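**Q** Protein chains in written order, with our numbering: chain H, 1 to 222; chain G, 1 to 408; chain S, 1 to 385; chain F, 1 to 223.
A hint or two may mislead.
No more than 16 Å apart at the CA atoms, straight line, and that leaves these computed lysine to aspartate or glutamate pairs for EDC-like [stated by the list, open to error]:
(1) Lys15/H with Asp109/S
(2) Lys15/H with Asp201/S
(3) Lys71/H with Glu81/H
(4) Lys54/S with Asp172/F
(5) Lys115/F with Glu204/S
Listing some non-contacts, in silico: residues in chain G with all C-beta distances to chain S over 12 Å [to be verified]:
(6) Gln30
(7) Ile97
(8) Leu173
In case anyone wonders, no lab produced these hints; they're calculated from the structure. All values derive from a computational prediction rather than experimental measurement. Heads up, the beta-carbon is just placed ideally off N, CA and C, and yes, glycines get one too.
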Amino acid sequence: MLGSGILKGLGVTAKNFVGSYHDPARMVTQEYPDTPAKLPEAYRNFPFLVTENATDPMGTLRCVACQICEKECPPQCIYIEKSKDKKPDATGKPQLYPAVFAIDTAVCMSCQLCVEVCPFDAIKMDHVFEVAATNRFEGLLLNREQLAKPNEYFHQIRPTEAAEVDGRLTAERQAAAEKAKAAAAAKAAAPKPTTPVAGVADPGPASPRPATPKPAEGGTAP
Amino acid sequence: MSVVATDSFLERAPLLFRDWIVGHFPVALQWLVHHLLTITAILTVFGLFFAFTTIAERKLLARLQNRLGPNRSGLPWFRTLKLWGLTQPFADAIKAITKEDIVPAVADQVLHFLAPVVIVAFSLLGFAVLPFGRYLIPVELDAAILYFFAAGTATELAIFMAGWGSRNKYSLLAAMRALAQLISYELPLILSVVPVVLVTGTLSTRDIALAQGGWTWGVLPHWHVFTPWGFAGFLIFLVAALAESNRSPFDLPEAESELIAGHLTEYSGFKYALFFMAEYFGLTALSGLGITVFLGGWQAPCAFLEFIPSWLWFMGKLAGMIVFFIWIRGTLLRLRIDQLTRLAWQFLVPLALLNLGNAAFWALTSGWTGPLALARWAISAAIVIVPFFLLGRRLTAGYAPRTYRYAA
Amino acid sequence: MSLFPANSGPTVRAVHDEFHGDLLEVSMGPQHPSTHGVFRMVVTLDGEQIVKLKPVFGYLHRNHEKIAENTSYLSSMPYTDRLDYLCSMTTNWAYALAVEKLSGQAVPDRAQYLRIIMAELTRLVNHSCLVGFLFNDLGTSFTPLLYAFREREKILDLFESLSGSRMMCNYQRFGGCRVDPSPEWLAAASALVDNFPRFLDEYETMLTGNEILLARTQGVGRLAAAHAINAGITGPVLRASGVDYDLRKVDGTGFYPRFEFRVPLGAHGDTYDRYMMRILEMRESVKILQQAFKTLPAGPIMDPKAKLRGFRPKAGEAYGRLESPKGELGFYLISDGSPNPWRYRVRPPSLINLTLLEEMCLGHTIADAVVILGSIDIVLGEVDR
Amino acid sequence: MENLEQIRDRLLARFPAAQVAIVVNPGSAAEHSLLLDPASAPEIARFLRDDPMLQLDYCSNVTGVDWPEKEITDIVKKSVPDPAGGPDKVVEEKTKRLQPGYLEAVYHLYSMARKHGSVILRLRTGNRSDLVTLPSLTPVWRSADFQEREIFDLYGIVFAGHPDLRRLLMWDEFKDHPMRKDYVAPDDFEWEPTPHGDVHERAKAHYPAPPPAASTPTPEAKP
């Protein structure tokens with residue numbers, strides 16, 4: 001009959017009208033500024049640099065200025081200048097550090113490739129998204145000081161991944177410390193010139209971490 | 001019927017208020033003040049009605065679509081007071097007024113300016129003859145129905161002015177569509193009202209509303225919509241009214257997915273708002289006529305509800321009609337121009353003509369009682385239902401849901 | 001006599017034709033509400049009837065292929081998200097597929113299943129979106145579109161909690177997938193998929209039998225099978241014309257042969273058939289997903305030999321293609337042994353499906369042209385690249 | 001489906017004047033292709049489409065490839081008799097030659113009727129400057145329509161017999177062919193004080209003085 005399809009349609013919209021008052025599956029709107037957005041742990045938006053110690057952020061950056069992320073970044077939004085001198089990193093081993101580390105967030109597309117290729121867990125994806133600036137150029141160009149965020153913050157936004165990273169790093173550092181101890185003991189036992197042993201904690205830019213996926217995001221496989 | 005109920009203070013309150021103000025003026029000026037007050041009242045009431053129709057439309061459509069709708073605008077300086085976003089229309093008005101008015105360089109300056117003025121003026125004229133209450137009728141005309149349609153038709157002329165004057169191809173197409181729509185739907189619209197004129201024997205809206213008074217057993221009102229011919233007429237009227245006021249699914253002149261904004265493409269700011277306003281005025285006026293002619297006007301649906309003032313009943317019915325139109329808009333898709341005209345000429349006009357005969361039959365057989373009354377109902381219903389099926393089948397011939405095969 | 005006086009403005013130009021009197025040339029787009037982005041059609045109208053239609057492309061051209069030829073294989077992966085931004089998961093997969101074919105990499109079982117899950121979820125996203133947009137083109141006031149977006153939102157939330165981004169997923173890698181979903185994610189996704197037919201049923205109740213929809217779409221924009229094949233049209237548009245050609249069946253991409261599903265075929269090749277193909281394909285996708293969630297194997301999700309950095313496939317070429325929701329999405333790669341591809345080519349289904357747009361629209365009205373374009377399903381990110 | 005050698009042999013038997021060669025793909029995909037001479041390409045294409053055994057009715061992908069001229073060093077080992085009378089010396093003789101550049105159009109053919117594929121056709125131009133005309137296969141497969149226009153636009157191959165050969169993606173007034181390997185991007189980018197990249201350097205060279213609105217260099221900017 002002419003009109004039956006139209007009547008059915010009117011019925012469905014009426015059902016949705018009523019449903020929007022009581023059915024959460026139908027009314028999915030979040031009133032964003034009033035209720036903060038719920039971000040999943042895996043959410044990614046703009047990278048940040050992990051620092052070990054919040055009191056001395058610039059002194060304890062994990063980044064060793066190896067420039068891998070700068071090379072891999074698809075839109076070329078990372079800019080790094082190596083330091084001239086070396087500073088001891090968390091394990092006490094002298095390392096280069098980024099004298100300049102800038103990310104142009106106007107260009108960054110949050111693809112996470114810099115995080116995936118970083119062999120030092122030094123750069124991670126952030127959860128911030130309210131990043132409006134009044135200046136299109138300098139305002140969106142984040143420098144080292146703005147990018148550095150403490151490891152506690154990383155734990156706060158991505159607990160699973162941060163725990164996994166920390167576990168791995170402590171293991172590596174312990175191994176390095178033991179090795180150093182053993183080397184020192186050996187040195188004390190038989191004092192003769194040896195070539196410096198590369199620490200495990202320093203795979204170096206030439207030997208990246210194996211490309212196995214990180215099982216942290218979204219939990220582990222069943 | 002108790003005289004108290006129908007002649008209560010509330011019923012007469014608007015009139016008493018008007019007379020009180022008029023009394024302050026010298027006698028020579030009283031006629032002028034009288035009319036100015038009436039005009040002011042209509043502009044204020046229906047201006048506000050328009051404002052809240054827009055917010056109602058946005059909120060209802062939002063709910064139909066599982067959204068919240070505008071819920072932010074409150075009052076200035078009272079940040080915490082949100083008022084469910086009900087002050088949104090005032091914010092919209094401020095925005096529309098402060099927006100830059102852009103007139104294309106190649107447009108016909110006069111027509112481009114006149115079109116929004118003309119459309120608002122003509123869409124307001126219709127309100128003059130609507131009986132909003134038992135005693136509230138701005139102008140009592142004997143040929144009120146004729147006047148109403150004459151005034152309403154002129155709005156389409158304004159749409160054509162806008163479309164032609166903008167000198168934009170989309171606007172031009174919209175103008176042509178508007179004319180085609182006007183010619184096609186004016187006929188069923190008028191033909192759907194003629195049966196009522198035939199049965200009641202009057203062209204006056206006041207008398208038509210009065211003719212629908214009274215109840216069977218105090219609960220079943222004698223509205224025209226509750227007769228077979230009245231119901232058919234009301235449906236035809238609804239469809240034609242939707243088309244006349246360019247509402248979905250007949251919003252072809254401003255079909256935003258095809259013609260960008262149709263005749264409104266080159267309008268911005270306050271002129272755009274005027275078109276918008278006129279569209280709602282036209283819709284409200286047509287709904288008011290529909291209520292007067294078919295839905296008993298200001299009459300209460302049951303005898304015991306008569307204590308509520310008649311003008312409140314009218315406004316309530318008007319709100320109901322508007323909600324129904326919004327519901328339609330939230331559900332249906334748009335017709336194509338050839339289908340639109342085909343629907344008018346091949347379906348609505350024949351049906352309306354048959355319905356005219358039906359009303360004539362109804363008027364002739366008003367004396368039938370007892371079992372004959374049942375026969376009268378059956379015959380009258382058959383006169384509309386059978387052609388509805390036959391014409392409907394012809395209209396949708398070749399169109400049916402399909403079943404599909406799958407690859408082996 | 002022309003419709004408007006000459007030199008009255010840059011936008012007004014009437015075409016004269018001695019048989020039809022005055023024709024009106026309208027430039028629909030690139031700023032038009034219904035051209036699905038910055039697509040443009042130069043339409044010549046006789047009244048409201050279309051006598052000529054020329055598509056114009058390139059307003060979103062960013063030379064994606066050139067960019068990809070100047071960066072490493074991996075760095076192009078996030079750019080493929082931006083091709084068909086409604087279906088980044090399948091675009092990622094198609095690119096990964098071509099690179100794997102080029103380098104001869106194997107993909108673990110679990111990753112193969114995950115790819116199919118993501119591809120079919122993407123199909124649900126794309127088709128529900130498309131149907132919503134089609135109804136908007138048909139003149140609804142956003143209602144069906146918003147119902148579709150409501151369901152799409154739930155799937156995008158899943159994508160976000162897995163890959164970190166709702167639309168730019170960047171999920172596939174050469175030799176596997178990036179992230180392994182947790183059991184909770186799989187349970188949530190499975191529940192969503194089980195509920196999806198309810199949405200489809202409601203949608204169909206609301207619209208499939210609607211008389212206005214039938215009148216607006218049946219018989220509009222007919223496409224004959226032979227023409228469609230010759231013009232290289234693929235995907236649901238081709239199958240609506242009755243040609244049984246689904247790469248999931250024909251090529252047996254990935255693990256698709258392990259799943260049971262049917263390929264719906266239309267008979268008339270009109271807009272209504274194209275609309276129904278999408279609805280029926282969504283129902284089949286739900287079946288595939290339900291099977292995938294039941295039989296998802298455990299195991300690694302990356303080929304252990306896969307290299308993230310310093311990836312240099314040996315010289316050669318490969319053409320990898322996939323049944324994306326819009327049709328055959330192909331990537332053609334030529335490697336010269338360097339870290340960057342020598343030639344990187346995207347075969348965009350959206351662009352090639354537009355080949356017969358003019359033929360489909362001729363003789364119909366301007367309102368139909370919008371609907372026919374909507375039923376072809378284009379995304380300008382892919383058309384213009 | 002027949003293998004590529006069989007198809008080639010059949011084509012050569014059918015079209016004695018044609019030159020058909022197999023281009024070997026050394027990669028792991030091993031999708032070898034047929035190189036046709038431009039003159040006989042349209043009739044071979046029509047034959048491939050209509051041949052009942054092949055029925056390659058679906059031309060999926062059409063693309064251009066740019067092979068600029070490159071210097072190839074041929075190493076020929078020669079044994080030179082030792083004038084001193086000892087054993088022959090092996091001398092490597094290096095000759096450098098310039099392999100001429102050419103543009104290539106690649107067609108990926110499948111059959112929808114028989115559900116097989118792919119057969120890959122290649123057509124090569126004479127050089128990259130003036131001998132860039134190839135026959136259009138759009139009359140055979142309509143799907144090549146936009147794709148050949150795109151190749152014309154981005155690579156500059158002129159397809160003779162194409163019904164509507166205009167630029168597809170770039171605007172009509174555009175002069176160059178951006179996908180060619182020697183294409184030089186224009187340097188009139190908007191000046192953006194990003195501290196890295198050659199875009200910045202080129203933009204600085206293009207604009208002698210940066211626009212005053214954004215003239216302050218960033219603290220991190222390269223000195």
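**Q** Run every hint past the structure and note whether it holds.
**A** Structure-based check of all given hints:
{"no.": "1", "hint": "Lys15/H with Asp109/S", "in the structure": "43 Å, violated"}
{"no.": "2", "hint": "Lys15/H with Asp201/S", "in the structure": "13 Å, holds"}
{"no.": "3", "hint": "Lys71/H with Glu81/H", "in the structure": "13 Å, holds"}
{"no.": "4", "hint": "Lys54/S with Asp172/F", "in the structure": "15 Å, holds"}
{"no.": "5", "hint": "Lys115/F with Glu204/S", "in the structure": "33 Å, violated"}
{"no.": "6", "hint": "Gln30", "in the structure": "48 Å, holds"}
{"no.": "7", "hint": "Ile97", "in the structure": "25 Å, holds"}
{"no.": "8", "hint": "Leu173", "in the structure": "7 Å, violated"}
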